[in-house]
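For the protein sequence lines, the chains are W and Z, in the order given. Sequential numbering of the first sequence, starting at 179, is according to our numbering. Sequential numbering of the second sequence, starting at -4, is according to our numbering.
It is worth saying that the hints were derived from the structure and are not from the lab. There's no promise every hint is true.
In silico EDC-like cross-links for lysine to aspartate or glutamate, where the CA-CA straight-line distance does not exceed 16 Å [said to hold, decoys possible]:
id	chain 1	residue 1	chain 2	residue 2
1	Z	K622	Z	E672
2	W	K216	Z	E611
3	W	K216	Z	E610
4	W	K218	Z	D282
5	W	K218	Z	E610
Spelled out from the first residue to the last, the chains are:
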Amino acid sequence: MPAISHTWLPLLYLYGVGGIFFLIGMIIIRKSKAIDLKKKRHRYWYRVLIFGYFYFVAFHVIFTLIAIYW
Amino acid sequence: METTSSNIQTTFHSIGSSTDWVVMVVYFIAIMLFGSYFGRYNRSTKDFFFGGRRFAWWLIAFSIVATGVGSHSFVKYSAKGFEYGFSSTMTYINDWFFIPLFLFGWLPIIVYTKIRSIPEYFEKRFSPSARFLATVLLLLYMIGYIGIGFLTLGKAVIPMLPENFELLGMQFDITLMGAIAVIAVITGIYITFGGQTAVIFTDLLQGFVLLFAGFLLFFLGISYLGGFDTFWNLLPVAWKLPLADLTKPPDFNFVGIFWQDGVAGSVGFLFMNMGLIMRFMATKSVDEGRKAATFNILFMLPLSAIVVGNAGWIGKALSISNPELVPANTSPDQIFVVVANIVAMPGVFGFIMAALTAALMSTVDTLINATAAIYINDIHRPVVKYLQKGKEDKKNTDKRELAAARWSSVIITAFGVVSVLAFKSFPTVYEAHGYFHSTLTPPLVIAIFLGIFWKKFTPSAVISTFVGGVALMILGLHDANLITPFAHGIEMNHSHPYSYIRAFYNLFVCGAVAVIVTYSTTLQQSVVAKIRRKSNHKKISYALIAVAIALFGMVVFNVGIFILQFIGVVIMTSAVAIATTYTVKYDPVAQTEGLTVWSLAKAKEMFKGSKVNEEEGEVINVEWKTKEGDDDIANFSKNDMAKMAANVGDLVYICDARKIYGGLKSVHAVYGEPHEEDGIVMLNNEHLLNGVFKEGKTVTAEKEM
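So here's chain W without its partners, still in its complex pose:
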């Protein structure tokens, strides 16, 4: 079994620190009204942005589990 510094710590760092950047970005575009949730098209894009974050989290979690247990 590889050390945690090679398995879960990089993943936590990636989506923790990266997540802070992502969250700041989401807050800025909402507060500035660059993304206007009253518009149907923008609501679609807002969902795409959130989906993208968890899509990549799932990607790395699944591949880490496969590497360790398969």
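Given chain W, work out where chain Z should sit, using these hints.
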């Protein structure tokens, strides 16, 4: 095959057969002819650089594949895949964090403000002096990027070439720099005569070819090894993990690469890479640009990660199962070529190599085209404007600029070749690229980011970031111990200290200078007010600039002990901030309107020239008829305009209805007064020439924005 004693690595020469060379030459000729064909769509510098803002998202999304794959290269990711396994993919899957800011901040700003280069944004947002410094830094960045591309190309081709050749009875060694010089000549040809439209279409073709070639190699490799189970079981567990170890080893650790690639690299690639930005600007609308970027990052980059890294993984498995065939100490930068040659038959190997080198050429071409755009917009045009002093000959200007664009492409290519010298001492292309990103992107990343998202960010702060931030970065180059507190415990490699994590230090110091100078604006203004009251205030401002230049020279040439240099940087940054506040006329309201994320609605209005009509309409099919005149007006029937929810003066996008063209045959116009004939649009000859519409073919029309 030979073992070099200097780095105890096995290197290869004369790989491949004459069949492979024939396949490669045929492939290159085909690609060049294909690119040249699309050169006819360039009618102005706007077309040469931006492709006329006309393309569909899917066309741009696929054309970006060749740019992304080429720039990140089969060579460097196969090398890291061979050394460390699947974690070579991690830099392809860490770009999402900045996507909200890109899609809803930077992308609409660059499209709606109609800026033609990043430095132009700096002039509008800050001042001409900020534009000048941004141009210098951006040209260094772009030329360095071209150099990395050439280095990778050279390393890819060298294993296929003999060690030397004979000509007229004399023996010549084939060197890396010699190979790169020849490649540069070939690379320059179709970009010089093709332009952006040619690049987009050759990249589109190559995007498909690359994905095919990459997966072909993977399947050939797996079957050579005896199936997927054999391949999987040969690899150690650590090789299968998708991310590298947090801090070990110095040449490939997660945290360093996160800051270098995930932060500086991602922002650099999305926000600063003019080659990529020009692709998004070539889409028909902001929404299409968003689709292209999203599709690329969600789907194409993960696929590209497999395409570019798999030769290294196969190589690793081969080095375990058959170490005589692939020695464990094979030069990592050669593993792609070595593996491709082993698993593919003659001809197929040539095809794979052609796809690889052509993709790299695409990247380099895109970058050369983008750098030429910066040259034309930020150096040529301002200089010509100054020399002509208002006596502009508009008719010939575009012709001359197109010629200048082509010549500048040639000169930039030469600079790119020379810049290889700065990177060739690194053990792998990966480290050279990492060091390059860590060192050159941070000041521009901070400046662009704060410029877009922070209204308070001032010209004196941005110029101080470019000067003071860079000086602190240079201190970090002189003494790597400065970076240690930022290193997360990564061990320092003394020959190339902190290649990746220095990005964190560089971002921090540039960001700190930017924030401190912005928050001290009132103090600067009071100092400047005091200076202005003096009779010799002009001389004082010149003295401040002279002091700043002298202190910057002291840091660059490493004169004096560290503490003196550090104090010098503080004094220099203060002098720059005060001199800029004294010199630059800055209107914080006018110069942020439409230029930050906080006033995008205004940017849209400025783009259109009047209030934006937000009502959603349909896309309609119409036939076209010709009319007299050369204005920008297209006339539809009243009913058709109602369907499109369009008013006179709104913007319209008219495109050949055949989707396969992806917007190549299209034109932008303005709605004119309506007529009574439904299903007909009246276009003039200029529209027809720009849109390259064919007689009898239906077009679609839709309201823009």
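Enumerated hints in conflict with the structure, sorted upward: none
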